[in-house]
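Number of protein chains: 2
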Amino acid sequence: MQRCKVSSVIQQTQGRRARLRAQTTAEIKATALRLMSEGGTDAISLRAIAREMDMSASAVYSYFATRDELITTLINDVYSELVDRVEAARDACPADDPAARLQAWWRALRDWALAEPDGFRLVYGDPVAGYVTPVGGPAPRPSKRACLGLVELVAAAWPQAAPRQPPVEFSWSDFTPELADEIRRHLPDVSPGAVALAFRVWGRMYGLIGLEIYGHLRPSLPDPGALYEAELRDLVVSLGLVPPGQADGAAGH
Amino acid sequence: MQRCKVSSVIQQTQGRRARLRAQTTAEIKATALRLMSEGGTDAISLRAIAREMDMSASAVYSYFATRDELITTLINDVYSELVDRVEAARDACPADDPAARLQAWWRALRDWALAEPDGFRLVYGDPVAGYVTPVGGPAPRPSKRACLGLVELVAAAWPQAAPRQPPVEFSWSDFTPELADEIRRHLPDVSPGAVALAFRVWGRMYGLIGLEIYGHLRPSLPDPGALYEAELRDLVVSLGLVPPGQADGAAGH
DNA sequence: AACGTTTTCCGAACGGCGTTCAGTTTTCAC
DNA sequence: GTGAAAACTGAACGCCGTTCGGAAAACGTT
Numbered sequence: 001m002q003r004c005k006v007s008s009v010i011q012q013t014q015g016r017r018a019r020l021r022a023q024t025t026a027e028i029k030a031t032a033l034r035l036m037s038e039g040g041t042d043a044i045s046l047r048a049i050a051r052e053m054d055m056s057a058s059a060v061y062s063y064f065a066t067r068d069e070l071i072t073t074l075i076n077d078v079y080s081e082l083v084d085r086v087e088a089a090r091d092a093c094p095a096d097d098p099a100a101r102l103q104a105w106w107r108a109l110r111d112w113a114l115a116e117p118d119g120f121r122l123v124y125g126d127p128v129a130g131y132v133t134p135v136g137g138p139a140p141r142p143s144k145r146a147c148l149g150l151v152e153l154v155a156a157a158w159p160q161a162a163p164r165q166p167p168v169e170f171s172w173s174d175f176t177p178e179l180a181d182e183i184r185r186h187l188p189d190v191s192p193g194a195v196a197l198a199f200r201v202w203g204r205m206y207g208l209i210g211l212e213i214y215g216h217l218r219p220s221l222p223d224p225g226a227l228y229e230a231e232l233r234d235l236v237v238s239l240g241l242v243p244p245g246q247a248d249g250a251a252g253h
Numbered sequence: 001m002q003r004c005k006v007s008s009v010i011q012q013t014q015g016r017r018a019r020l021r022a023q024t025t026a027e028i029k030a031t032a033l034r035l036m037s038e039g040g041t042d043a044i045s046l047r048a049i050a051r052e053m054d055m056s057a058s059a060v061y062s063y064f065a066t067r068d069e070l071i072t073t074l075i076n077d078v079y080s081e082l083v084d085r086v087e088a089a090r091d092a093c094p095a096d097d098p099a100a101r102l103q104a105w106w107r108a109l110r111d112w113a114l115a116e117p118d119g120f121r122l123v124y125g126d127p128v129a130g131y132v133t134p135v136g137g138p139a140p141r142p143s144k145r146a147c148l149g150l151v152e153l154v155a156a157a158w159p160q161a162a163p164r165q166p167p168v169e170f171s172w173s174d175f176t177p178e179l180a181d182e183i184r185r186h187l188p189d190v191s192p193g194a195v196a197l198a199f200r201v202w203g204r205m206y207g208l209i210g211l212e213i214y215g216h217l218r219p220s221l222p223d224p225g226a227l228y229e230a231e232l233r234d235l236v237v238s239l240g241l242v243p244p245g246q247a248d249g250a251a252g253h
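Line by line, the protein sequences are chains A and B. In terms of our numbering, the first sequence opens at residue 1 and continues consecutively. In terms of our numbering, the second sequence opens at residue 1 and continues consecutively.
Derived from the structure by calculation, the hints contain no laboratory data. Any given hint might turn out to be false.
Which copy? The list can't say, so a pair holds if one copy fits it or any two copies do.
What the hints assert, rightly or not - Result set (SDA-like, lysine to any residue): computed pairs, CA atoms no more than 25 Å apart in a straight line:
#1 Lys-29 x Ala-129
#2 Lys-144 x Asp-223
#3 Lys-29 x Ala-162
#4 Lys-144 x Pro-159
#5 Lys-29 x Gly-130
#6 Lys-144 x Gly-225
#7 Lys-144 x Arg-185
#8 Lys-144 x Arg-218
#9 Lys-29 x Ala-48
#10 Lys-29 x Arg-16
#11 Lys-144 x Ala-50
#12 Lys-29 x Pro-163
#13 Lys-144 x Arg-19
#14 Lys-144 x Pro-219
#15 Lys-144 x Gly-215
#16 Lys-29 x Arg-19
#17 Lys-144 x Arg-107
#18 Lys-144 x Gly-39
#19 Lys-144 x Ala-226
#20 Lys-29 x Ala-50
#21 Lys-29 x Asp-96
Using the sequences and the hints, build the whole thing.
In structure tokens, the structure reads:
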């Protein structure tokens with residue numbers, strides 16, 4: 001009885017301590033993101049965070065061993081939220097309309113990038129001065145999720161897309177064993193060519209967004225949205241999901 | 001006579017002073033680029049440059065009003081050299097082979113990006129911590145050169161490419177007046193649709209390079225070169241410069 | 001050849017940064 | 001209640017960009 005009570009108290013107090021710790025950790029991350037939204041990624045500094053939270057700078061080291069560890073955590077959080085969002089946009093489209101699902105995915109990505117350009121920098125660019133990315137990448141889990149999601153989308157188009165692809169052959173040995181295993185486990189019916197195509201699609205759409213975010217489009221093109229839509233349109237046509245020259249049912253944007 | 005001599009002496013000494021100044025300026029820039037190649041863009045600091053040159057940090061301010069001004073100059077230099085390079089690669093191909101010229105341009109860009117990833121970050125990404133880009137962009141001249149060169153390349157393919165484009169109409173009013181005037185002055189025969197297509201092509205190829213440079217490809221794809229070649233191949237096919245499914249004469253890479 | 005001005009350069013300083021460390025306070029388990 | 005572990009503080013170190021007063025050199029003019 002006593003033992004039980006004690007143990008429950010222990011659990012309770014441990015729970016309390018852990019809860020406080022989790023709470024402070026969350027506050028640190030939230031403060032960091034707020035500072036970023038107010039002053040860009042460079043505004044994320046341990047000292048500024050500590051100042052905002054009325055604590056000393058060195059106290060933050062009880063929660064993150066180093067600034068880069070905090071940045072890595074932020075990248076993971078932001079990236080995960082991004083993947084949640086594009087997946088939600090994709091799943092809002094009917095499962096039997098692969099063109100709509102693909103376009104929704106990429107529209108959601110651009111919308112997010114425009115809404116939170118600093119988040120985009122954090123995830124896809126050079127995050128912050130002097131940050132060195134850990135081995136295996138800063139955010140392996142969300143990036144794997146994004147990769148699988150995109151491969152799945154492209155794979156759905158593969159039957160129509162395959163004959164339209166350039167005669168460049170790909171095999172599983174072109175990819176790292178980790179990726180090949182991952183894909184074959186989750187998406188056993190996908191071919192290496194579809195994976196390669198997914199990466200090419202990724203580059204295509206990421207490129208326009210990156211140019212826009214990094215300011216290479218605006219000086220010439222006041223509204224890159226139309227350009228993005230054209231590329232999106234060309235994309236689904238090139239994948240054979242939509243006949244050329246016709247409006248596709250997934251417009252409505 | 002005497003007047004003439006005096007004036008010549010003046011010119012000489014003025015020339016000497018200016019020469020010394022230009023020399024020191026060049027040394028500062030060279031040192032900055034060396035530091036960047038050794039330690040990344042974050043290694044570019046006025047203090048480090050001064051240290052390397054055996055002078056005080058404040059002395060650098062006689063040559064650049066601020067660190068950002070130095071960065072801006074570096075961006076211009078690096079960008080200009082990049083444009084020189086891609087233009088040279090393009091011009092090494094016969095004028096009557098637009099597919100080869102286009103592919104040479106983009107191959108040269110990727111080769112340069114891989115050889116000098118920090119230069120790529122400087123020109124196309126977030127250059128350096130806390131750097132605020134001046135109004136009108138950090139490097140309007142080289143970026144205008146790159147834009148015109150690319151538009152010219154795409155315009156050469158426009159007759160074949162136009163019917164293959166998605167039915168998204170563009171007009172000169174979609175672009176800033178500066179760009180529209182610039183293009184109509186230098187390339188009077190180019191249509192707005194061709195310009196839009198040029199930007200889309202830019203995004204396409206920039207995207208793959210950016211993903212590779214920022215480390216989003218390597219963890220999954222040991223050799224993104226094949227992917228890039230496939231995209232390049234698909235590009236010239238989609239522009240109607242090469243019939244699909246056949247090897248094009250511009251391979252040899 | 002000498003004078004006054006402009007340019008160049010130095011050294012110290014300010015506030016910011018990440019990080020470390022010795023020491024203190026608080027919290028927790030027993 | 002006591003000892004250990006965790007959280008926290010304040011000072012310090014070396015880095016950064018930038019400013020400022022003053023010294024040194026180079027320069028144009030007389």
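Tested hints:
1. Lys-29 x Ala-129: both (18 Å within a copy, 20 Å between copies)
2. Lys-144 x Asp-223: between (32 Å within a copy, 18 Å between copies)
3. Lys-29 x Ala-162: Neither: 44 Å inside a copy, 49 Å across copies.
4. Lys-144 x Pro-159: For Lys-144 and Pro-159, only the intra-copy Cα distance (24 Å) is at most 25 Å; the inter-copy one is 41 Å.
5. Lys-29 x Gly-130: both (19 Å within a copy, 21 Å between copies)
6. Lys-144 x Gly-225: Only across copies: Lys-144 and Gly-225 sit 21 Å apart there, 28 Å inside one copy, limit 25 Å.
7. Lys-144 x Arg-185: Within one copy, since 13 Å is at most 25 Å while 48 Å is not.
8. Lys-144 x Arg-218: Close across copies (13 Å), not inside one copy (31 Å); limit 25 Å.
9. Lys-29 x Ala-48: within (12 Å within a copy, 32 Å between copies)
10. Lys-29 x Arg-16: within (20 Å within a copy, 56 Å between copies)
11. Lys-144 x Ala-50: neither (33 Å within a copy, 44 Å between copies)
12. Lys-29 x Pro-163: neither (48 Å within a copy, 51 Å between copies)
13. Lys-144 x Arg-19: Neither way: Lys-144 and Arg-19 sit 29 Å apart in one copy and 55 Å across, limit 25 Å.
14. Lys-144 x Pro-219: between (34 Å within a copy, 10 Å between copies)
15. Lys-144 x Gly-215: between (28 Å within a copy, 14 Å between copies)
16. Lys-29 x Arg-19: within (15 Å within a copy, 52 Å between copies)
17. Lys-144 x Arg-107: within (20 Å within a copy, 28 Å between copies)
18. Lys-144 x Gly-39: neither (29 Å within a copy, 29 Å between copies)
19. Lys-144 x Ala-226: For Lys-144 and Ala-226, only the inter-copy Cα distance (21 Å) is at most 25 Å; the intra-copy one is 30 Å.
20. Lys-29 x Ala-50: Within. Shortest intra-copy distance 11 Å satisfies the 25 Å Cα cut-off; inter-copy 37 Å does not.
21. Lys-29 x Asp-96: Answer is neither: 39 Å inside a copy and 57 Å across each miss the 25 Å cutoff.
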